[in-house]
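Everything in the sequence shown is counted per the numbering used here, starting at 1 for the first residue and increasing by one.
What the hints contain is simulated information worked out from the structure, not anything from laboratory work.
Hints are not guaranteed to be accurate.
[To be verified] Quick list of simulated restraints, FRET-style, between CB atoms:
1. ALA43 to VAL22: 17 to 27 Å
2. ASP30 to SER6: 33 to 43 Å
3. SER6 to ASN32: 29 to 39 Å
4. SER6 to GLN31: 32 to 42 Å
5. CYS21 to SER47: 14 to 24 Å
6. PHE34 to SER9: 15 to 25 Å
7. MET14 to MET35: 10 to 20 Å
8. MET11 to SER47: 13 to 23 Å
9. PHE42 to SER6: 14 to 24 Å
10. PHE34 to MET11: 14 to 24 Å
11. ALA43 to ALA8: 10 to 20 Å
Think of the CB as a built atom: it goes at the ideal place given N, C-alpha and C, for glycine as much as any other residue.
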Amino acid sequence: MQKIISSASKMVFMLMAIAACVAFFMGKLDQNNFMILSGAAFAFYFSNKGETSNEFAGK
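Make a model of the complete structure from these sequences and hints.
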């Protein structure tokens, strides 16, 4: 849990995922847009490694 709080990219990823899920279940985000948004967020999170010498690079 501490690593998630101390990494800005992980915080943004979690907030985007939670917001997309809430909007989807409330009916404010349709199925097509939810898939595009969540797919883009996951693709960025798992592909962006950033500077590898940094402890908080990407994942």
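Hints, one by one, checked against the model:
1. ALA43 to VAL22: 17 to 27 Å: holds, 21 Å
2. ASP30 to SER6: 33 to 43 Å: holds, 35 Å
3. SER6 to ASN32: 29 to 39 Å: Check passed, 35 Å falls within 29 to 39 Å.
4. SER6 to GLN31: 32 to 42 Å: Holds, at about 34 Å.
5. CYS21 to SER47: 14 to 24 Å: holds, 21 Å
6. PHE34 to SER9: 15 to 25 Å: The hint (15 to 25 Å, Cβ to Cβ) holds, given that PHE34 and SER9 are roughly 21 Å apart.
7. MET14 to MET35: 10 to 20 Å: At roughly 19 Å between Cβ atoms, MET35 and MET14 fall inside 10 to 20 Å, so the hint holds.
8. MET11 to SER47: 13 to 23 Å: holds, 18 Å
9. PHE42 to SER6: 14 to 24 Å: Holds: the Cβ-Cβ distance is about 21 Å, inside 14 to 24 Å.
10. PHE34 to MET11: 14 to 24 Å: holds, 21 Å
11. ALA43 to ALA8: 10 to 20 Å: Distance hint for ALA43, ALA8 holds at roughly 18 Å.
Of the numbered hints given earlier, the model fails none.
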